[in-house]
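Enquirer: Fit chain B to the known structure of chain A by using the hints.
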Amino acid sequence: MALIFLAAFFWAAKNGQHDDVYTPGVRILFDDEVENENSEENHISS
Amino acid sequence: MQLEKFTYDNKIVRNFGIATLVWGIIGMTVGLLAAMQLFKPAMNLGNQYTTFGRIRPLHTNAVIFAFVGNAIFMGVYYSLQRLLKARMFSDILSKIHFWGWQLIIVSAVITLPLGFTTSHEYAELEWPIDIAITIIWVVFGVNMFGTIFKRRERHLYVAIWFYIATFVTIAVLHIVNSFELPISFMKSYYVYAGVQDALVQWWYGHNAVAFFLTTPYLGMMYYFLPKMAGRPVYSYKLSILHFWSLIFIYIWAGPHHLLYTSLPGWAQSLGVAFSIMLIAPSWGGMINGLLTLRGAWDKVRDDVTLKFMVVALTAYGMATFEGPLLSLKQINGVAHFTDWIVAHVHVGALGWNGFLTFGVMYWLIPRIYKTQLYSKKLAGFHFWVGTLGILFYAVPMYWAGFTQGLMWKEFTPEGLLKYPNFLATTLQIIPMHVLRSIGGVFYLTGVIVMTYNLAKTMLGSKLVANEPAEAMALEKVIMERSPADKAWHRVLERKPMKFMVLSLIIILIGGMVEMMPTFTIQSNVPTIASVKPYSALELQGRDLYIREGCVNCHSQTVRPFRSETERYGEYSKAGEFVYDHPFLWGSKRTGPDLHRIGGKYSDAWHFNHLLDPTSMSPGSIMPPYPWLTEQKLDISTTPGKIRAMQSLGVPYPEDYDTKANGDLKMQADKIALDLSQNNIKVKSDREIVAIIAYLQRLGTDIKANKEIIPSN
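Going down the list, the protein sequences come from chains A and B.
Be aware that the first sequence starts at 1, since it is given in my numbering, and climbs by one per residue.
Be aware that the second sequence starts at 1, since it is given in my numbering, and climbs by one per residue.
Okay, chain A solo, but in the shape it has when bound (with noise of 0.2 Å):
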């Protein structure tokens, strides 16, 4: 068991190194208001 834990370490350090880590928090932060009377109406939509 000891050397499963041992293993189970190893690979998550090795693992972790491309990981983005940052995005899904800050993800949520940003919420743009959308106000009814101005220039952010003119996005490209269709």
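Honestly, the hints are just simulated from the structure, not real lab data.
Nothing here was measured: the structure is a model prediction, and the numbers come from that model.
Don't take each hint at face value.
Examples of chain B residues lying across from chain A (beta carbon under 8 Å, computed) [to be verified]:
(1) Gly141
(2) Pro226
(3) Lys237
Here are the computed distance ranges between Cβ atoms for each label pair [stated by the list, open to error]:
(4) A/Phe9 <-> B/Ala484: 20 to 26 Å
(5) B/Leu463 <-> A/Thr23: 32 to 38 Å
(6) B/Leu325 <-> A/Leu29: 52 to 58 Å
(7) A/Phe9 <-> B/Val477: 33 to 39 Å
(8) A/Thr23 <-> B/Thr371: 30 to 36 Å
(9) A/Trp11 <-> B/Gly649: 19 to 25 Å
(10) A/Asp31 <-> B/Ile135: 30 to 36 Å
(11) B/Gly649 <-> A/Asp31: 53 to 59 Å
(12) B/Leu391 <-> A/Trp11: 42 to 48 Å
(13) B/Ile135 <-> A/Leu29: 34 to 40 Å
(14) B/Gly380 <-> A/Thr23: 35 to 41 Å
(15) A/Trp11 <-> B/Ala132: 23 to 29 Å
(16) A/Asp31 <-> B/Leu463: 16 to 22 Å
No more than 27 Å apart at the CA atoms, straight line, and that leaves these computed lysine-lysine pairs for DSS-like [what the hints assert, rightly or not]:
(17) B/Lys462 <-> B/Lys95
(18) B/Lys237 <-> A/Lys14
(19) B/Lys486 <-> A/Lys14
(20) B/Lys95 <-> B/Lys456
(21) B/Lys498 <-> B/Lys237
(22) B/Lys495 <-> A/Lys14
(23) B/Lys150 <-> B/Lys95
(24) B/Lys476 <-> B/Lys498
(25) A/Lys14 <-> B/Lys498
(26) B/Lys573 <-> B/Lys462
(27) B/Lys456 <-> B/Lys150
Ideal placement from N, C-alpha and C gives every residue a C-beta, glycine not left out.
Expert: Structure of chain B alone, referenced to chain A:
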């Protein structure tokens, strides 16, 4: 790639919010009434509908399903739409969900005081209401998953993982703990009996805490706290680790409610071990939340919503440390059945659930009304009075718990019980119950002030019923732009069905490992030859015991401690409960354990005690039950009950349903005769005769035969 314009439904959020406030006040007022009954029996108000035994379940159901439930839906409907950048899947389903849920609560308010109860804690509602709950829960699920499928944000944020786990697990818990055989419109018997029924109930009961009081609130915390603080959650990796370990480990903890009972030892040990392990993922959630405020602690000083969130997370940490400690057998031996458990529950309920709800409501109501909170000062007052309320609730209850638990265990130097009279331990803690009620008054005051504050906020502005939003539609095929998108969990976050199925598998494991052997391996519940089914009169009496809610104050399971065998008699064996549909082990001793009460007191004593407890126990806080001497026992239900028990495996003789009432009348006449010889005149057809018969039967089967023959 199109920019799509749509709107968020805020009306449903507002509606669930109002329901949260209304039911919060009602549920907590009932709680306050119950608390006062525990030091002033006159607060039982002299009628059968408001006795402690009938309204305690009303309090628990109201605060859990009505207050917390509506708060969950308010928070989920608000956050889910914005996290997925999509309006709820169906406005009609939203409305059905809202009104259906309120109707369910109203049916609880009506049926519980009338005594229609299954007796399973937090699952007391009878079978027709269970069906309604299932339907509305499915409506909620369809609405939630429908929204997930039409989302414009591909990856599911951590809050949604918690909402998904909540949905699947509550569905499983509710269905399994609702396997009841109906015998009339508002009465059913659980298909499980005794030890197995206890295990199912507390697998359910603990996981109701886990997946109704915890996971949806963790989900809300993950959305609302970063929004309030303007900071991202501290650690994405921690959220992954603690989410999966939390939902896996929590399920196994149920047996910690049954320590030192006749539940098989291996199941108890599993419950203890997993409860200790649970500290890690629970604190993972707390840490992730609190550390989100790194660099933003100055905001907490000025923002009352953040104050509520910080106290909520701290209370969550306290309760999730205390819970595992209470699961250690040595500590449990002192705490079980005492007010210590009540203190623990309310730290979590008032601190974590209450305060997080308040923080979220103070934040989102002004936002959906596009205005400011009416009064920051009143909100600040609420924070302080609520905190005081928690303190005045918890500290006296700890004190009462330690006092009573230790008094029960104390021996004189000669080896006799120091407090052989249970009543002495009850009277000792009455002052603590008074203080606890003061705590409740403070807490309720806070909620009333909040309701006023939010009402003024809403009335001073107009609801933005449909909040405009815009977002790009999802591309049909994801282009994995970076290695991060290939990470296994990131892949899982964009596959909601796989996510749901994986969660479902994970939460099924613990229950199956603990329940299947208990149900299938006979040696786990050794049968005892001398244990026989209840007589017809005793069965009716048992149903009256359930109706009056006696199980809310009296336990029926003697633990293998010398302090208990001296006080009550032989400790309880698994085989004694095989015909108990449902089990009635109880979880609190406001009054003494009753498993060995049979034959200890005369019929006359029981009659007088039920009619007026203080006549036999001066100073007792038990309410009087005079209606039991006035109401006639409804014996038309006897044949149906016998047949139901037979179909559940209780070995009554064939065709006994036709003979049962004959035996019932004979036994009732005998008791009435015995009573009349003690100068008590009561007709043998009254309900009190049935209850006396049941009480006199309790625990007597194994004294009847000293030799216990295990059969398997």
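Enquirer: May I ask which of the numbered hints given earlier this structure violates, with the numbers listed in increasing order?
Expert: 1, 6, 9, 15, 26, 27
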